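Residues 14 to 108 (this note's numbering) make up the sequence shown, in order.
Hints in this document: simulated from the structure, not taken from any laboratory.
The reader is advised that the hints may include incorrect statements.
What the hints assert, rightly or not - Straight-line alpha carbon distances no greater than 27 Å define the calculated BS3-like cross-link-like pairs of lysine-lysine that follow:
1) Lys59 <-> Lys45
2) Lys59 <-> Lys80
3) Lys91 <-> Lys18
4) Lys80 <-> Lys25
5) Lys49 <-> Lys59
6) Lys18 <-> Lys78
7) Lys59 <-> Lys44
8) Lys78 <-> Lys19
9) Lys54 <-> Lys41
10) Lys45 <-> Lys19
11) Lys19 <-> Lys49
12) Lys73 <-> Lys25
13) Lys49 <-> Lys80
14) Lys78 <-> Lys44
15) Lys41 <-> Lys59
16) Lys25 <-> Lys44
17) Lys44 <-> Lys19
18) Lys41 <-> Lys91
19) Lys41 <-> Lys18
20) Lys73 <-> Lys91
21) Lys45 <-> Lys73
22) Lys25 <-> Lys71
23) Lys73 <-> Lys90
24) Lys90 <-> Lys45
Said to hold, decoys possible - Label pairs and their computed distance ranges (CB to CB):
25) Glu53 <-> Glu31: 19 to 27 Å
26) Tyr105 <-> Lys78: 42 to 50 Å
27) Glu31 <-> Lys80: 45 to 53 Å
28) Tyr105 <-> Val81: 38 to 46 Å
29) Glu98 <-> Lys25: 19 to 27 Å
Quick caveat, the model's predicted, so the values are computed rather than measured.
Positions of the beta carbon are idealized from the N, C-alpha and C atoms, including for glycine.
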Amino acid sequence: MEILKKPLITEKISAMNENGVYGFVVEKTAKKPEIKRAVEKMYGVKVVDVRTMRYAGKSKTRYTKAKVVSGFTNTFKKAIVQVAEGDVIDFYGEI
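From just these sequences and the hints, can you work out the full model?
Below is the structure:
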């Protein structure tokens with residue numbers, strides 16, 4: 014099971030990157046120590062702090078010509094990771 018799904022690249026998180034803070038979308042069942050180990054192994058940095066947030070799926074309704082379609086968006090979990098001073102994670106190196 015892959016714990017880190019994808020990095021978060023938003024304006025707010027990108028501004029925090031200068032302070033050594035990075036965001037990731039992670040597996041819903043991932044715990045903080047697992048996230049810490051996964052980031053350290055994948056990027057070769059020392060993780061100082063991990064904060065997590067769970068986002069519940071929201072109901073969505075769409076009106077079409079034939080009928081009303083209802084459903085939910087996906088539930089997901091975000092992790093905000095702070096690395097040791099001097100360490101850097103380069104998300105844009107692969108682009």
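Are the Cα atoms of Lys59 and Lys44 separated by 27 Å or less?
-> 17 Å, holds
Given the hint that Lys54 pairs with Lys41, test it: the Cα-Cα distance must not exceed 27 Å.
-> 20 Å, holds
Is the Cα-Cα distance between Lys73 and Lys91 27 Å or less?
-> The given pair, whose Cα atoms are some 21 Å apart, holds under the 27 Å limit.
Hinted pair Lys41 and Lys59, Cα distance within 27 Å | Between Lys41 and Lys59 the Cα gap is close to 23 Å, so the pair holds against 27 Å.
Restraint check for Lys59 with Lys45, where alpha carbons must lie at most 27 Å apart = The given pair, whose Cα atoms are some 14 Å apart, holds under the 27 Å limit.
Pair hint outcome, Lys41 versus Lys91 [Cα-Cα no greater than 27 Å] | Holds: Lys41 and Lys91 sit about 9 Å apart, inside 27 Å.
Glu53 versus Glu31 beta-carbon gap, inside 19 to 27 Å or not | 21 Å, holds
Hint consistency between Lys78 and Lys19 [alpha-carbon to alpha-carbon, up to 27 Å] = Between Lys78 and Lys19 the Cα gap is close to 36 Å, so the pair fails against 27 Å, i.e. violated.
Taking 42 to 50 Å as the hint, is the beta-carbon distance of Tyr105 and Lys78 inside that range?
-> 43 Å, holds
Between Lys18 and Lys78, does the CA-CA distance stay at or below 27 Å?
-> 36 Å, violated
Taking only the CA atoms, is the gap from Lys44 to Lys19 under or equal to 27 Å?
-> 16 Å, holds
45 to 53 Å as the expected CB spacing between Lys80 and Glu31, which holds or is violated = 49 Å, holds
The structure does not agree with the numbered hints 2, 4, 6, 8, 13, 14 and 21 stated previously, though it agrees with the rest.
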